[in-house]
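Residue numbers (this note's numbering), protein chains in the order written: chain A, 88 to 272; chain B, 88 to 272.
Errors might be hidden in some of the hints.
Identical chains blur together in the list; that is why a pair holds if it fits in one copy or across any two.
Stated by the list, open to error - Below, computed lysine to any residue pairings styled on SDA-like, alpha-carbon distance capped at 25 angstroms:
(1) K229 / S190
(2) K171 / S264
(3) K92 / E150
(4) K170 / F94
(5) K206 / E119
(6) K229 / L188
(7) K206 / I151
(8) K116 / A244
(9) K229 / L135
(10) K270 / F166
(11) K248 / T261
(12) K116 / T230
In short, the hints are calculated from the structure, not lab data.
Number of protein chains: 2
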Amino acid sequence: MFQTKFFSSKNLLNWNIQYNLDLNNASLKKGELLLEAGQRCDYFYFVLKGFLRVYYLDIEGNEITHWFSSKESTVTSPFSYFKKEENILFIEALEDTDVLLISANQLNTIIENVPSASKEARVLLAEFAMTFSRRIMDIHTKTAESRYLKLMTDYPAIFQKAKLSHIASFLGITQQSLSRIRKNI
Amino acid sequence: MFQTKFFSSKNLLNWNIQYNLDLNNASLKKGELLLEAGQRCDYFYFVLKGFLRVYYLDIEGNEITHWFSSKESTVTSPFSYFKKEENILFIEALEDTDVLLISANQLNTIIENVPSASKEARVLLAEFAMTFSRRIMDIHTKTAESRYLKLMTDYPAIFQKAKLSHIASFLGITQQSLSRIRKNI
DNA sequence: ATCGTTTTTTACCATAGGGTAAATTTTTCA
DNA sequence: TGAAAAATTTACCCTATGGTAAAAAACGAT
């Protein structure tokens with residue numbers, strides 16, 4: 088959901104040539120899944136074009152949106168990619184999407200060869216940690232309505248690409264509650 | 088709240104000598120603050136001994152616990168330390184506590200000199216991101232009661248050191264609700 | 001453009017958890 | 001050890017959000 092100047096398609100495609108990374112692409116039509124629960128996630132995905140939604144299923148089988156990922160941003164299933172735990176995340180294309188697949192080995196090659204890549208990787212991970220940390224604070228101190236308004240301000244693109252039901256579960260409420268909130272605004 | 092073998096007091100104190108880091112200590116009595124909102128947070132803190140609570144204030148001035156930090160684990164105010172934003176976190180000693188102060192420069196020295204420190208720093212940041220990420224999932228799929236039971240299982244030490252009101256706000260509920268939940272178990 | 005499907009809204013009642021206040025228990029420390 | 005302070009529980013009613021179901025609106029394929 089956030090972009091960095093350093094991990095950009097321009098830089099990645101240059102490094103791909105310079106260091107013979109042999110990066111693969113995947114192209115998805117709207118509605119297709121890049122990753123499913125149960126499949127191992129061996130890649131960091133970099134979104135060249137399009138828009139992705141990361142979700143998982145609760146006990147009743149409802150889809151809970153966990154994250155959105157737009158052009159020039161990265162996404163993965165961290166518990167699977169970093170810790171080799173069973174993957175529970177689905178990654179779905181909300182529009183026609185192209186991604187670069189970056190394996191752990193390829194990422195290591197980048198980090199070992201590109202000056203400041205190691206530092207920038209830490210910055211990116213810190214961004215993720217801070218973003219999730221802030222989201223917990225917002226859940227604990229803001230109403231669903233003000234979280235909704237904040238999301239509109241911070242990430243207006245989501246509202247053009249995702250269904251309201253996706254946004255509702257991202258905010259931690261039902262789509263009926265979101266509908267009620269929208270009515271009151 | 089989680090420890091790593093790599094960033095341990097043993098290793099840090101060795102590096103301190105080996106690379107002339109000149110690390111400072113701070114000692115806190117139970118109840119004292121290591122950091123206050125408004126103060127800049129220039130350090131990564133490593134807990135040598137004791138137990139810390141990280142909290143912030145909501146609009147009404149209620150303390151909301153965001154994190155606990157035990158012996159051999161690290162803590163900081165990431166928005167202040169990494170991004171130089173205004174610090175909103177308080178860090179309070181829940182028992183007599185000693186910490187090592189690690190400045191950004193000192194951390195850089197470690198990362199540049201100690202083999203694998205860079206990788207281990209990324210692992211640590213990924214742990215933080217995943218832990219917060221998992222907490223959001225738990226908030227969105229579990230009842231307060233099952234989050235309480237999970238916390239007891241995962242971090243029993245917290246229940247020896249923190250007040251129930253600290254735990255309640257960490258779980259995102261009032262202390263009255265936590266009391267009700269405890270009664271039903 | 002139209003029919004069928006999907007998405008969103010509305011309406012109804014149910015419930016988990018919040019807010020206030022007071023009672024009770026535990027801790028602190030003189 | 002006993003009084004004061006702090007922490008926890010209880011009780012009351014209240015509110016935001018949930019669950020189910022159905023209606024309405026929007027979308028999409030032919």
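These are the hints, each one checked on the structure:
1. K229 / S190: Neither, since 38 angstroms and 33 angstroms both go past 25 angstroms.
2. K171 / S264: Neither: 36 angstroms inside a copy, 37 angstroms across copies.
3. K92 / E150: Classified as neither: same-chain Cα gap 32 angstroms, cross-chain 37 angstroms, threshold 25 angstroms.
4. K170 / F94: Classified as both: same-chain Cα gap 22 angstroms, cross-chain 18 angstroms, threshold 25 angstroms.
5. K206 / E119: neither (34 angstroms within a copy, 34 angstroms between copies)
6. K229 / L188: neither (37 angstroms within a copy, 33 angstroms between copies)
7. K206 / I151: neither (32 angstroms within a copy, 32 angstroms between copies)
8. K116 / A244: Within. Shortest intra-copy distance 19 angstroms satisfies the 25 angstroms Cα cut-off; inter-copy 49 angstroms does not.
9. K229 / L135: neither (34 angstroms within a copy, 35 angstroms between copies)
10. K270 / F166: neither (38 angstroms within a copy, 35 angstroms between copies)
11. K248 / T261: For K248 and T261, only the intra-copy Cα distance (19 angstroms) is at most 25 angstroms; the inter-copy one is 36 angstroms.
12. K116 / T230: neither (36 angstroms within a copy, 36 angstroms between copies)
Against the hints set out earlier in the document, violations occur for numbers 1, 2, 3, 5, 6, 7, 9, 10, 12.
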